[in-house]
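Protein chains in written order, with my numbering: chain R, 1 to 354; chain C, 355 to 425.
Do not take every clue at face value.
[Unchecked claim] Okay, the calculated bits of chain R under chain C, using three or more residues with CB under 8 Å as the criterion:
no., segment
1, 150-160
2, 221-235
[To be verified] Coverage of chain C stretches by chain R, computed from C-beta distances (three or more under 8 Å per stretch; other residues unrestricted):
no., segment
3, 359-366
4, 406-419
Quick caveat, the hints were computed from the structure, so don't treat them as lab data. All figures in this text were calculated on a predicted structure; none of them were measured in a lab. Glycine residues also receive a C-beta, built at the ideal position from the N, C-alpha and C atoms.
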Amino acid sequence: MKNIFASKWGIVLAGSAIGIIAVLLQFWGNPPNMGLCMACFMRDIAGGLKLHSAAPVQYIRPEIIGILLGATIIAIFKGEFKPRGGSSPLIRLFLGFFAMIGALIFLGCPWRAYLRLAGGDFNAVTGLSGLAAGIYIGTLFIKKGFNLGRAKASQSKMSGYIMPTIMIILLAMLVFNFSKLAFSTKGPGAMHAPLIISLVGGLLVGYFAQRSRFCTIGAIRDIFIIRNYHLLLGASAFTVIAFVLNLILGHFNPGFEGQPIAHNNHLWNFLGMVLSGLAFVLAGGCPGRQIILAGEGNTDSGIFILGMLLGAAIAHNFGLASLPKGVGEFGAAATLIGIGYTLVVGYVMTKRMK
Amino acid sequence: MDYKTVDARGLSCPIPVMHVTKTIKKESGSFKVFIDDETSFENVMRTLENFNLKVEKTEEEDDYKIIFVMR
C-alpha cells in the first residue's frame, strides 16, 4: 500500500492542510500568529499542570494531545507503530530542554516562526535566520558523522504506549475539569479555541504530519545537507496557505513593532533560534516531528518532549522566558549555556558511533 | 555478486540518507541497505531515485527491510 503523502504533491497537500488548520484555530480563538505552536503549547501544558506558576500561560492545550494521539492512531492503522528507543536518552532530554529555552527566547517554535511570518511579523525573519544558522552548524557535525547511537526495538511494547496514555489522561483531566489544573483567565493561556475544535484540529494535524513526515527543521536542514527540497515543499505550502488565509481573514499585519506575543530584540530573536535550530537538528527533527514520533512509539522522542516540558517549567520559574516587552532576566545566560551544551553534544558525539 | 552493506537500522533522521549518499559517492559496486523505519525507507528510496539508481529488489525480514542496489 503506497503512501500517497510521501510524494511531492502529497506533502504539499499535507502542509496546506496543516496551514489551514493553524489559521482556523487562530480564527476560532487561539492566540494571534499562534494557531499551532509546539513550544508555546507545551509551555501552556506545563502551566496547566502547575509545573510553573506564570498565570497568563496555563492551559492544557488539546492540540498537542490531538497531534500525538492522531499520530498514534494512524501509525497503528498503517503498521508503523513501533516502540523503540535507547539512543542517548538523557542527552536527548536536555536537547529538548534547551530547544524549548531557545524557543521561549524568540517566543515560538519553528512552526510558529513560519506562522508569524505568514502573519506579517517580520521578527520571524530574524528568528528564521537564526534557526537556519543553528541548523547549518548542526549539519556540519552531521556531515562529519554525528550520531546519537542506534535505537532498538523496545524490550516491551508497553513503553511505546506511555506517551499516548499520558495524553489520554491529560484529555480526561481537561474534559472532566479536574480541579487541580490551572486555567489562565487572562493572557495567551486564556485565548483558545473550543476544546473539541482544538482536539479535532490536533488529530487531523497528527494524521497529515505523520503520513507526510512533515518537519519544519528538516525542511531547512536538507537544503544544506543533501540539496533536497522535499520537506521544504511541505513547510512552504504550510506558510503560503497560512499567509493567503491571513490576508482573506484580515489577520495580516506587516511590521516589526507591536506584533502579537512577540518582541523585536533582534539579537536574542536570532540567538534564541540558533539554539533551537541546533538542538532540534541534532535530535533529528522539529518539535512537531518529535511529537509525531513519540506518538509512533519512539521513546527517545517521548523523552525529548518531556525535556521540552521541563525546559518550559524552568524557563518560567527562573525568568528565562521572554515577554512581549523583551528578553527575560536570565534568558541571555540560559541561551549561551544551551548553545554551549549543544555544541559539546555535537562535538563529542561526532565519529563516536558507527 | 558482492554487496557492500549499509546498516541504517535505528539511526535518526537524516543519518540513513547520509550513509547511503556517502556509499554512493565514495564506493563503487552494488550495495544493500538495512532499514527498519518506514520514513527512512521512503527517504532512502527517494535518494536512490535522485541518483538514478535502480533498486534490484527489496526483501522483508522480521523487523527490517533490505534494499538491494545493483550497479
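Hint by hint, here is what the structure shows:
1. For the segment 150-160 of chain R, the assignment as covered by chain C holds, since 4 residues bring a beta-carbon within under 8 Å of that chain's beta-carbons and 3 suffice.
2. Restraint check on the segment 221-235 of chain R versus chain C: 6 residues with Cβ-Cβ distances below 8 Å, three needed, restraint holds.
3. Three residues within the 8 Å Cβ limit are the bar, and the segment 359-366 of chain C against chain R gives 4, so the coverage statement holds.
4. Only residues whose beta carbon comes within less than 8 Å of a beta carbon in chain R count, and the segment 406-419 of chain C has 1; fewer than three means the coverage is violated.
Violated hint: 4 only; the structure is consistent with all others.
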